[in-house]
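Peer 1: Take a look at the letters that make up each chain.
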Amino acid sequence: MRNIHGALVLLILCAFGAQAEVSEVYDFDTRAEEQRYQNLIAELRCPKCQNQNIADSNAPISKDMRDQVYRLMKNGATNDEIVGDLVGRFGEFVQYKPPVDKRTILLWAFPAIAVVVGVAIVAGVAIRSRKREKEESALSPEELARVKKMLADKDQQA
Amino acid sequence: MYPELGQVSLILALLLALLLSVVPLAGALTGRDSLQAFARPLASGMFVFTGLAFAILTHAFMVDDFSVAYVANNSNSMLPWFYKFSAVWGGHEGSLLLWILMLTGWTLAVAVFSRKLPSTMVSQVLSVMGMVCVGFFLFIMLTSNPFDRLLPNIPADGQDLNPLLQDFGLIVHPPMLYMGYVGFSVAFAFALAALINGRLDAAWARWSRPWTTVAWSFLTIGIALGSWWAYYELGWGGWWFWDPVENASLLPWLSGTALMHSLAVTEKRGVFKSWTVLLAIVTFALSLLGTFLVRSGVLTSVHAFASDPERGTFLLMLLGITVIGSLALYAFRAPVVHVRSRYGSLSREIFLLLNNVLLVTATLLVAIGTLYPLVLDYLDMGKLSIGEPFFNTTFSPLAVATGLLLGAGVFSRWKKTDGGWLGRKLLWPLAVSLTASVAVILIYGGFKPWAFAGVFTAVWVAVATLWDLWDKSASRQGRLHGLKRQSRSYWGMVLGHLGVAMVMAGATVVSNYGIERDVRMVPGDSAMVGDYEIVFTDIGNRRGANFTAQYGSFDVLLDGKKITELHPEKRNYPVGMSVMTEADIDGGLFRDIFVAIGERISDDAWAIRLQYKPLIRWLWLGALVMAIGGFLAIADKRYRIREKNQVKVADRAAKTGSAQAAGATS
Amino acid sequence: MKRLLLFLPLVIAVGVGIFLAAGIGKDPTKLESARIGKPVPAFSLENLNDPTQLLDESVLKGEVALLNVWAEWCPSCWDEHEYLMWLSKEKGVRIVGLNYKDQRETAFSFLGRLGNPYDEIIFDPKGSLGFDLGVYGAPETFVIDANGIVQYRHVGVVNKQVWEEVLQPVIQKAKGNS
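Protein chains in written order, with our numbering: chain A, 1 to 158; chain B, 1 to 666; chain C, 1 to 178.
Just so you know, the hints here were simulated from the structure itself, not pulled from any lab data.
All figures in this text were calculated on a predicted structure; none of them were measured in a lab.
Mixed in with the good hints, there may be bad ones.
[To be verified] With a straight-line cut-off of 27 Å between C-alpha atoms, the simulated DSSO-like cross-links for lysine-lysine are:
id, chain 1, residue 1, chain 2, residue 2
1, C, Lys-91, C, Lys-160
2, B, Lys-383, C, Lys-173
3, A, Lys-102, B, Lys-383
Construct the entire structure; sequences and hints are all you get.
Peer 2: Put into structure tokens, the structure is as follows:
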């Protein structure tokens, strides 16, 4: 029964979003390696407690995954190789950074596209307004220049 | 007996909501004042009965009435009274009731504070609010009744509130957040009313503005509280996870921010009306979308409520009717004629439009990032996760661009800004910001491109805002007089922008220069985190109200001198059989030291998490400053006196494009 | 023309609504295995019943089989076991057990109480094969074809509904192919 309770607690922790707890400590030669490890495990998602990365998750599977990350790092694997290894076992789901491919190109390119389209629309609005200003202007060019100057001066004083 | 009364109250409130959504609207459309006169009493009655239902549920928690299923599931007789109180909104049903209480509260507020508005407008606004209320009353009664009884098998004791939620942060976070979410319903109702009666003018923008700003301020505080709570309670020292539920709160915040700015343009200059009204609809729709995402279980998230397809379906229907109905109304009724108003390409109008482009892009980015996995899954194209690395890469440039634009926009003028003048104006702020940000980067050690970009943007926003304040407050009667002369809404804008600068500075510095270490420690050991030395002195036991705890004692030393002592805990809550880590934090304006104890590795050795978090408090302080700015802005005189007359003048002025429309401020 | 543009938000909203509607009632936590279409990873682990005998990936070749990941500590495994017994006895399905992160004694007491539906049981106390297979929580059940290729992975309890609607069709298909 004790084990069943343990599993229930785990279930509760997963279901309601839960806390982080450091459960093991690894030794690193340099502070940079330690930071690299921390960054890596923060970018991998726990397949069990799915709202947590494996750095924060208490699920046993997260511990196994951290072990694997550490082991591969010690073997000299690159970040891509380490992430690739875990993706090969658990699927694309475990990487928080979606790969750039034809399914996700829209996702990655969206901000750039939106900003370009948006700026183009604003430019259109501004140009149209300027055109209207010219068309509707019933004043002679000299008068217009005077008014413009007056307005500009006034604006700067305000 | 009481819970049944609560049920009856809810039914009565629903009936009043039904009447409210029909009677005043009919009165407004047929021009009958007698029907419109019902609007205010109905709004008050609806609030009173919802309040009664809420009070009855609270009472059930206070007296441990475990015959009520919701109480039995979310409370326990050993729970301290204040957590019993906050447990009222600790689960789905009760938090929904709180949502509705606030919705009726906002409705009442509109009824009370709109006496100077034309009665047809008020009637229509209140009727729209009534319709939204009807939807939510039906939702709570048909799918999520908080008064359901567990009869005849009454449990002897409750299952306890999730220990994560037994915390001050949870007492205040949801109410603030909901005040924001629900508050946007007012701007939504004003937008619909304006579309219905075709009076989409500067007056409408002026009436919507204070309501939008208040809701936005609440939402800002709510989000900040959530972030703060996650930081100290969840135990890993993070402050934003890009979790779907966080994104859900960020969506209306971003579009609400865009709405506030475009309302300013519409009010002052009478332009971009169709755009502004669309933003008002979309902002509330995003509030509803957030509610749907959190409560339907379509996405996995940190604090999703237990998912129930029936609730999800109902909420989606509610969302669908609201959004499709209002957007259809928009499509048919929004004006397409261009206002004959002129503005140069460097005018404040254009700056604010660009601000809207960036904010709306950010909104859509967060929405797409949140929903993309759902779409791919539906198309059977695999299961992807979109998390922090994605948003950090895509969201940060947008934030930086928005900040850079803001700094320049602060100096721009309505109608027209001279390019050369603006360039000269920006020169000094630019030099100051560059110097200051290089200094900051050097202090924290190490140049990183994004760290520099973030810090520079933050400083740029702050310097530009203060520079403009300095310019504007120049006065022959002295600086103090000049400062006093500025309107409250201008001060609101200054604080809002300074808050943005603080949040940007905090977010950039803490994510680039924070230090995180997991170390193995035996009592007597010490470890370094940044310049601080942490000494593990002792471990002990203590007993709390409804838990037992093991605590560690840590000395924090700087340059060999002890500055404080920290006592992180591991708590064991017997009722829910759960273990919680309570981190202990030495907070400061410029840095936090964070210590949490993890698992026992061997007999006397523990895994300890140590963190150094520079400027992290600026995130939440910045949000607070923003919110204070919002509250200050709505206290501006012009929203209170002679609203009708002034608005008419402003409206006419905007329509003719006359220069007297409004001053250059805000 | 301009009026038509104003319908754009409505169209987008309806589109989003369709995806949201499709998402309701689906369990977003269920993951597809990354090993589908690939052979069972190579392993060499003790037979639960006989520590001297080493089992390898060949136990999963030659006949379509279910590979069931279980442990005594896993509550849902207790729930599904009765059904596995029925599948093995009545339906004649070959089931290979993967005893995952468990101990021999507790595993035996589990089988002693509930019966043994397994043709072979791989003993994986460290969870190494489980890790290679991408197991993230017991119980999980894999469908392996006669060539030792993973065809499907089911996460969670196997019951009548899962058998009829999910596993049986996959097994039929796997049998047809080989």
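Peer 1: The structure should be examined with respect to each hint, and the outcome stated for every one.
Peer 2: Status of each hint after checking the structure:
no. : hint                      : result
1   : Lys-91(C) <-> Lys-160(C)  : 12 Å, holds
2   : Lys-383(B) <-> Lys-173(C) : 24 Å, holds
3   : Lys-102(A) <-> Lys-383(B) : 14 Å, holds
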